[in-house]
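Q: Residue numbers (our numbering), protein chains in the order written: chain A, 91 to 750; chain B, 539 to 688.
Among the hints, a few may not be true.
[To be verified] Quick list of in silico lysine-lysine cross-link-like pairs, DSSO-like style, CA-CA up to 27 Å:
1. B:K579 - A:K198
2. B:K663 - A:K617
3. B:K579 - B:K663
4. B:K606 - A:K198
5. A:K198 - B:K676
6. B:K605 - A:K729
7. B:K606 - A:K120
8. A:K331 - A:K401
Hints in this document: simulated from the structure, not taken from any laboratory.
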Amino acid sequence: MSRIGVFVCWCGSNIAGTVDVEKVRDEASKIPGVVSAVDYKYMCSDPGQNSLRNVIKEKNLTGVVLAACSPHMHENTFRKAAIKEGLNPYFVEIANIREQVSWVHDDKERATSKAVDLMTMMVEKVKRDRSIDDVKVPLHKKTLVIGGGISGIQAALDIANGGVEVLLVEKEPSIGGRMIQLDETFPTLDCSSCIMTPKMVEVNQHPNIKLYTYSEVTDVSGYIGNFKIKIKKKARSVVEKDCTGCGNCWNVCPMHKNVKSEFNVNLSERTAIYVPFPQAVPLIPALDRAVCLHFKKGGKCVKCYEACGPKCIDFNLQDEIVEETVGAIVAATGYDLIENSLYGEYGYGKYKDVVSGLQFERLLSASGPTEGLVKRPSDGATPKTIVFIQCVGSRDPEKGVPYCSKVCCMYTAKHAKLFAHKVHGSQSYVFYIDIRATSKGYEEFVRGTMEQDGAIYLRGRVSRIYEDEGKLIIKGADTLSGNQVEIAADMVVLATGVIPKKGSDKVAQMLGISYDKYGFYTESHPKLRPTESSTAGIFLAGMAQGPRDIPESVVSGSAAASKILGLFSKDEYEVEGTIASVNEATCVACFYCRRVCAYNAISGKDIKDRSGKLIKVVANVNPGLCVGCGACVNACFSKTIDVKGFMDDQIYAEIRSLSV
Amino acid sequence: MEDKKEELAKTSGDNDPRIIAFVCNWCTYSGADLAGTSRMKYADNVRVIKLPCSGRIDPMFIVEAFKKGAKGVLISGCHPGDCHYISGNYHSRRKYAIFRNLLGFLGVDLNRVEFSWVSASEGNKWVHIINEFTDKIKSLKNGSNDIFKK
Chain A
91 MSRIGVFVCW CGSNIAGTVD VEKVRDEASK IPGVVSAVDY KYMCSDPGQN
141 SLRNVIKEKN LTGVVLAACS PHMHENTFRK AAIKEGLNPY FVEIANIREQ
191 VSWVHDDKER ATSKAVDLMT MMVEKVKRDR SIDDVKVPLH KKTLVIGGGI
241 SGIQAALDIA NGGVEVLLVE KEPSIGGRMI QLDETFPTLD CSSCIMTPKM
291 VEVNQHPNIK LYTYSEVTDV SGYIGNFKIK IKKKARSVVE KDCTGCGNCW
341 NVCPMHKNVK SEFNVNLSER TAIYVPFPQA VPLIPALDRA VCLHFKKGGK
391 CVKCYEACGP KCIDFNLQDE IVEETVGAIV AATGYDLIEN SLYGEYGYGK
441 YKDVVSGLQF ERLLSASGPT EGLVKRPSDG ATPKTIVFIQ CVGSRDPEKG
491 VPYCSKVCCM YTAKHAKLFA HKVHGSQSYV FYIDIRATSK GYEEFVRGTM
541 EQDGAIYLRG RVSRIYEDEG KLIIKGADTL SGNQVEIAAD MVVLATGVIP
591 KKGSDKVAQM LGISYDKYGF YTESHPKLRP TESSTAGIFL AGMAQGPRDI
641 PESVVSGSAA ASKILGLFSK DEYEVEGTIA SVNEATCVAC FYCRRVCAYN
691 AISGKDIKDR SGKLIKVVAN VNPGLCVGCG ACVNACFSKT IDVKGFMDDQ
741 IYAEIRSLSV
Chain B
539 MEDKKEELAK TSGDNDPRII AFVCNWCTYS GADLAGTSRM KYADNVRVIK
589 LPCSGRIDPM FIVEAFKKGA KGVLISGCHP GDCHYISGNY HSRRKYAIFR
639 NLLGFLGVDL NRVEFSWVSA SEGNKWVHII NEFTDKIKSL KNGSNDIFKK
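Extracted from the complex, chain A is given alone in its bound form:
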């Protein structure tokens, strides 16, 4: 039999001014099951809470209803008071008679009647409350970081420095990501590889970091604290522990003219056995079996094997699957550029001297195909005039993407500046829509490009580019002067917008995290939880979340790391107990619940008899993943699954209590 205590709060005159609290109290005492009904000036005050505790103790209450302010205000306060008297906190319910009664209504009689209704409703609910225990999930203190770009590296280093083991998985043969492809970085013009390579080396040497390059995460299951992962180490054809990185193998590879270098964005060639760039970490080549003559011509070519001193080349190596358990995951999969070929009018792919921003980075870079001398891809001549076009693909809902790619204004200003520094007497023209230079030192940087380095900025778009007598003719508009302009240039650089890394949607599906219509990973809350994904224990970093520059990527990597170190500062992760539960006796295993669950919290569970024979399969809720939204409850035909704290019988009782 229920023994319920109802406590009606005056909240000074906040409630008592509009609601007849004594009437509410008297009505409460008439409800069957209510053994105590009192009113008090301030229930949340210390004496108020003490009186609550006294009544719980004296009357041995099985449930408490507070007719008071919103549960969002003081539910926790009263639950804590109940815990102190040994009452399960989920036996405390709040009837919101302040925010939703006294403060919004004037008529005292009608407000009182509504307050009585809300109080009665909660009495009926609390009668049907069950004891709920919060769920504790053990934490496996190891982290998986997917993506070895700057944000992934930053996250890995911060976590590892905090004393937690990290597995860093990178798809390419070397870590470094996009940042290592860049020449100099805005707005300070420090050399990207000079600040990046020490970090890459640190990762490789860190005792807490296990580096998996040329590898991919192929499977993730489980939940916060207990993710079971599979990493596929692609066959490198090189025994890593024996390789010295001497370079004899790639120097003798006959395939040196046939394969475009991904690292140099197709501006140069690489061999079949290769390191993507000289400072690669680890400095161990990978053999690209898709192009290697040994694999294509039935084992005839073994030149690299012959040249290798330690004989570490092994053509028979197979893909290897590594299984690990981690407690948290960072998804930092990075970005790609929008396909320039969408813009036929700019002649990308047709004219060799129309290049993307990333290609121009490689042309500027001392480690690039031209060793840092700005040369045209077509004939190797030094360009004197370059036209830069901003917002190629970005802010273009018709052909590209509607969002702003954020970094292009700044990298174009940097390109124009570096071009002016490297080729004296040269001239840059920049076509732009708006200049977005909003971080520290950015506006001054763009100003400097215009004023000191003489770049001419034209507000408008380019309609067409064509070749005429060895020059590229750019036809565009200058909307500020209202004139059509025509520029004869030696080169054109397209400031191409960014899109999520190809395949990042597959990674999201594997991880069970959500992504927006462009493929960028979505945050748990865009403002207040910007580093957390929708799935507990999975964190986000870098451009995978959306366009951002290097400092922001570093910040997000560090933020994810600090969240994970915070999570791992305890041994167990506590989940609120108000989650879904399955009645295994009535479950028919239709798994409609699984279809609507946005958190992948439902799986199948085998029910076996004593001899181990399978009797049936039922739905099973993973407490580490379930958040208690209750979508599954409505999907369940057999009324088998219910969400604790908001059970069907409770809601129906609430509705019934409102009978008129």
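With chain A held as given, fit chain B onto it using these hints.
A: Relative to the frame of chain A, chain B by itself:
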């Protein structure tokens, strides 16, 4: 006893309809709280039942509410894209879209069911919706009486 009450409600002519609102905890309930903290005033006919998510709102709750004498039922959750539970409000919207047809088929006056999005910052929208909805129901031909179309 309960049948008697229902009978009574059908015949009472004071035009004081009972409205039951099923709302999610994160957006609409907080929006209604905000209306309170901002001391906005609205019709006192509504009784709010809080659920974790609009995706938890079973269409049978609506039936039960009408059975128990409600003259209007409101369902409200987070705006599309803002669901605290990623997609609960989409489930709710789909379910409602289909269930509304069924209610219409049964002859329920569809003016008596309302679906809306109210965010935690939209105290004024909550006030507006409650007042409009209450006025609408009062203005219906049957007013506080029969929920069925005649």
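Q: If you test the structure against every hint from before, which numbers come out violated?
A: Nothing - there is no hint that the structure violates, so all of them hold.
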